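**Q** Start from the sequences and build out the full structure, keeping to the hints where you can.
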Amino acid sequence: MIATIASRQMRFVLLFMLAATLSSCVGTRMGVSWPSIGLIELNGLQHISLAYNDQVAILNPSNGVATRLIDPSSGQPIRDSENNPRNWVFSGAAHENAQFYGVPVRLDEESLLIADYNGNLLKVNSIGATISRAYPVKDQIVANLLEADDIIYVPLLNGGVSAISKQDYSEIWTFPTSAGVWAQPLLVGDMLVIPSVNHSLYTIDRHSGAFIWEVDLGGSVASTPLLANDRLYVGSFNRAFFEISLDGVILNTYDTQNWVWGAPAIDETGVVYLADLSGYVHALDSHNNLAELWSVQVAERGIRAGPVYFEQRVMVSARDGKVYWLDSRDGELINAREIEGAPELLGDLLLLEPSETLDIDEPLLIVSSVDTGKLLIAFGVDGRQTWIHRR
Amino acid sequence: MWDIILNPFVTMLTWLYALLNQDIVLAIVVLTVIIRLLTYPLLAKQQESQRKMQQVQPQLKKLQEKYKNDKEKLSQAQMKLYRENKVNPVGGCLPLVVQFPILIGLYQAIFFALAATPFQLVDLSERLLIPGLDALIPLQRFWTPIPQLVQLLPEMDLTKAPTDNPPYALALPLLVLITTWAQSKFSMSMSKQTSSKNDDDDDDDDGGNVGGQAQAMTKSMTTIMPIMFGAFSLSFSVGLSIYFVTSNLIGIVQYSPQGRQVLDRLFGKKKQDDVIVDVEFEDEEEPVKKPRRTKKKKPRKKSSSR
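These protein sequence lines map, in sequence, to chains X and P. When you read off a place in the first sequence, starting at 1, and then add 518, the result is the number in our numbering. When you read off a place in the second sequence, starting at 1, and then add 55, the result is the number in our numbering.
What the hints contain is simulated information worked out from the structure, not anything from laboratory work. None of these values were measured; they are calculated from a predicted model. Certain hints may be false.
Under the rule of at most 20 angstroms between Cα atoms (straight-line distance), these lysine to any residue pairs were calculated in the SDA-like manner [claimed, not checked]:
| # | chain 1 | residue 1 | chain 2 | residue 2 |
| --- | --- | --- | --- | --- |
| 1 | X | LYS656 | P | GLU181 |
| 2 | X | LYS656 | P | THR172 |
| 3 | X | LYS840 | P | GLU181 |
| 4 | P | LYS141 | P | GLU181 |
| 5 | X | LYS656 | P | PRO209 |
| 6 | P | LYS215 | X | LYS840 |
Example chain X residues on the side facing chain P (calculated, C-beta under 10 angstroms, incomplete) [claimed, not checked]:
| # | residue |
| --- | --- |
| 7 | MET548 |
| 8 | SER551 |
| 9 | TRP552 |
| 10 | ALA611 |
| 11 | ASN615 |
| 12 | TYR619 |
| 13 | VAL660 |
| 14 | ASN676 |
| 15 | SER718 |
| 16 | VAL733 |
| 17 | GLY736 |
| 18 | ALA740 |
| 19 | ASP794 |
| 20 | SER796 |
| 21 | PHE828 |
Pairwise CB distance ranges (calculated) [unchecked claim]:
| # | chain 1 | residue 1 | chain 2 | residue 2 | range |
| --- | --- | --- | --- | --- | --- |
| 22 | P | LEU81 | X | ASN643 | 37 to 43 angstroms |
| 23 | X | GLN775 | P | ASP58 | 57 to 63 angstroms |
| 24 | X | ASP900 | P | ASP58 | 33 to 39 angstroms |
| 25 | P | LEU93 | X | ASP845 | 48 to 54 angstroms |
| 26 | P | ASP58 | X | ILE852 | 27 to 33 angstroms |
| 27 | X | GLY901 | P | GLY187 | 25 to 31 angstroms |
| 28 | P | PRO209 | X | ASP708 | 44 to 50 angstroms |
| 29 | X | ILE906 | P | TRP57 | 29 to 35 angstroms |
| 30 | X | GLU858 | P | GLN77 | 41 to 47 angstroms |
| 31 | X | HIS805 | P | LEU225 | 57 to 63 angstroms |
| 32 | P | ASP58 | X | ASP845 | 47 to 53 angstroms |
| 33 | P | VAL205 | X | ASP845 | 45 to 51 angstroms |
| 34 | P | GLY323 | X | GLY766 | 34 to 40 angstroms |
| 35 | X | PRO872 | P | LEU75 | 53 to 59 angstroms |
Cβ atoms here follow ideal geometry from the backbone N, Cα and C, with glycine treated the same way.
**A** Right, dumping it as structure tokens:
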């Protein structure tokens, strides 16, 4: 009897330790980043490009379905060995099980360049969605590339930006930073503005990579600054938002409730909108030293992505799995929609407006989650859900 | 719910990082020492409970023999024996159940604080309970044991596995294996000391079925656990290996007799005399109204230690 009790006790302890060990592994937060979305031209029309984990896809903006591969000579769909039409999906399995967190950039009519997490630039044939060649760079990449003239600017996960020649993919120069560059650099004339998680915002000469100025923002800078009124607007993890002159002087500072990760938005009157990781959205007057117009907590959890402004509405998506529509004049909540299962909404928002090259009937707000079962969700600006893209 | 444990640890680790000249390894070591010291009373209680359980083993064995055909009576007698000697049969488990979430929380705090990717780092914004600590993010995750010899011992990335680091980082899983084994050995030798003391007290006791089984299990754990943790450390980040090694070294100190003496003195724990109270089976175990059994029983000798 006692032997049984002691034996049970030992078994209980062993089981408990095993369960605790396993739970400790499971409870940790695995993953690299969130989906990256953008617009890309394909067959004369604008499409949505999506990069997340092991796939890059090009989607039809009107329904969220991967677009068909079309043979330009015949105008017919390209088919696989079983005669099924092929969709524009590029898998990381094509090159060392690559992972993707930055959208492709167009190189020419037939090719795209995609950065992978292994530290390669993959030249991909845009007609057949097949890899042409891989060019290794100095480090892993989690942010979008910037292409300008004949140079590709590559932000590096562990620090620095490399300038790569578009002709032969050789490195022209690398500007080092002591910690990672997790957002796309910004081009302002001949200056390249680089946000770094080492707390600094740098500007360098875009051609030579020569240092121009650096400003310490007291916390990590993980978003691309907004350029407006010849000033830069950017937030940092030091719970602050800054207005910086183009010669590197902090003109005004606004204190936020938590880290500011996403890029701000600005309306036609000069009101700047930003969100923080406590779920607050703030409206500041850029013509009046960043004076607060309103500040409201809209979400229970943090807002990672920057807000989007459209026709007196400010739209944000939060970690609580909800999308919010606010009145830009006073921050009043107009609408809130919860995505089924409340997945974390971490990726940047994308606002699409109908145009000659963008085949949609109405303006769409595209939201991305980290749940592959509902990776992209499209809403009308009134909050009506129009489509979901599942992987 | 889990955040109640985790977030203070993440905050403490970041605060220590700031205090200790932004040396994350030192911060991990100091926090591990603090937590292991604070949880020592629980460990001591667990050890005390185990010791008491082993001390009553001879009496339990006698009861087993005596009531081998009457499970109900055996159970009553056992309960009485436990009660008289203030032994809690699951007392060894409860402190462990309390300790484990704390140690797992500490382990996870290291993982969260050393966030290396955007997806991990975004979570940290909800975990730091002191606002000023944001300015320290991201924590410095590159580290070398001897900065003067950085050419010879290049910096390790504490967020990556030993296999993705300079070759000397592979010494860490080995250290985890050795220190886990050593800790288990010290823990076992402590149990053996108590068991052999019991064996001396009662020559008839051959170690007992109970003690035997428990010891066999502990023995197998001594072999399995170090291998398991050593293997884990090969794929876990280097930062966690540093935690495992530190934690094991403290465990060795806590299980060693000298270490226990110092810690007991530190926590004001008095050494208790091993007085085992035997139970009166004949008078108290029989239901009052039932007639006494006619079958003669061997007279019970009272414990000399009483």
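**Q** Now look at each hint and say whether the structure bears it out.
**A** Hint check results:
{"no.": "1", "hint": "X:LYS656 x P:GLU181", "verdict": "violated (32 angstroms)"}
{"no.": "2", "hint": "X:LYS656 x P:THR172", "verdict": "holds (17 angstroms)"}
{"no.": "3", "hint": "X:LYS840 x P:GLU181", "verdict": "holds (18 angstroms)"}
{"no.": "4", "hint": "P:LYS141 x P:GLU181", "verdict": "violated (45 angstroms)"}
{"no.": "5", "hint": "X:LYS656 x P:PRO209", "verdict": "holds (18 angstroms)"}
{"no.": "6", "hint": "P:LYS215 x X:LYS840", "verdict": "violated (34 angstroms)"}
{"no.": "7", "hint": "MET548", "verdict": "holds (8 angstroms)"}
{"no.": "8", "hint": "SER551", "verdict": "holds (4 angstroms)"}
{"no.": "9", "hint": "TRP552", "verdict": "holds (7 angstroms)"}
{"no.": "10", "hint": "ALA611", "verdict": "violated (21 angstroms)"}
{"no.": "11", "hint": "ASN615", "verdict": "violated (16 angstroms)"}
{"no.": "12", "hint": "TYR619", "verdict": "holds (8 angstroms)"}
{"no.": "13", "hint": "VAL660", "verdict": "holds (6 angstroms)"}
{"no.": "14", "hint": "ASN676", "verdict": "holds (8 angstroms)"}
{"no.": "15", "hint": "SER718", "verdict": "violated (13 angstroms)"}
{"no.": "16", "hint": "VAL733", "verdict": "violated (15 angstroms)"}
{"no.": "17", "hint": "GLY736", "verdict": "holds (6 angstroms)"}
{"no.": "18", "hint": "ALA740", "verdict": "holds (7 angstroms)"}
{"no.": "19", "hint": "ASP794", "verdict": "holds (9 angstroms)"}
{"no.": "20", "hint": "SER796", "verdict": "holds (8 angstroms)"}
{"no.": "21", "hint": "PHE828", "verdict": "violated (25 angstroms)"}
{"no.": "22", "hint": "P:LEU81 x X:ASN643: 37 to 43 angstroms", "verdict": "violated (52 angstroms)"}
{"no.": "23", "hint": "X:GLN775 x P:ASP58: 57 to 63 angstroms", "verdict": "violated (18 angstroms)"}
{"no.": "24", "hint": "X:ASP900 x P:ASP58: 33 to 39 angstroms", "verdict": "holds (36 angstroms)"}
{"no.": "25", "hint": "P:LEU93 x X:ASP845: 48 to 54 angstroms", "verdict": "holds (51 angstroms)"}
{"no.": "26", "hint": "P:ASP58 x X:ILE852: 27 to 33 angstroms", "verdict": "holds (32 angstroms)"}
{"no.": "27", "hint": "X:GLY901 x P:GLY187: 25 to 31 angstroms", "verdict": "violated (39 angstroms)"}
{"no.": "28", "hint": "P:PRO209 x X:ASP708: 44 to 50 angstroms", "verdict": "violated (37 angstroms)"}
{"no.": "29", "hint": "X:ILE906 x P:TRP57: 29 to 35 angstroms", "verdict": "holds (31 angstroms)"}
{"no.": "30", "hint": "X:GLU858 x P:GLN77: 41 to 47 angstroms", "verdict": "holds (43 angstroms)"}
{"no.": "31", "hint": "X:HIS805 x P:LEU225: 57 to 63 angstroms", "verdict": "holds (59 angstroms)"}
{"no.": "32", "hint": "P:ASP58 x X:ASP845: 47 to 53 angstroms", "verdict": "violated (33 angstroms)"}
{"no.": "33", "hint": "P:VAL205 x X:ASP845: 45 to 51 angstroms", "verdict": "violated (56 angstroms)"}
{"no.": "34", "hint": "P:GLY323 x X:GLY766: 34 to 40 angstroms", "verdict": "violated (59 angstroms)"}
{"no.": "35", "hint": "X:PRO872 x P:LEU75: 53 to 59 angstroms", "verdict": "holds (57 angstroms)"}
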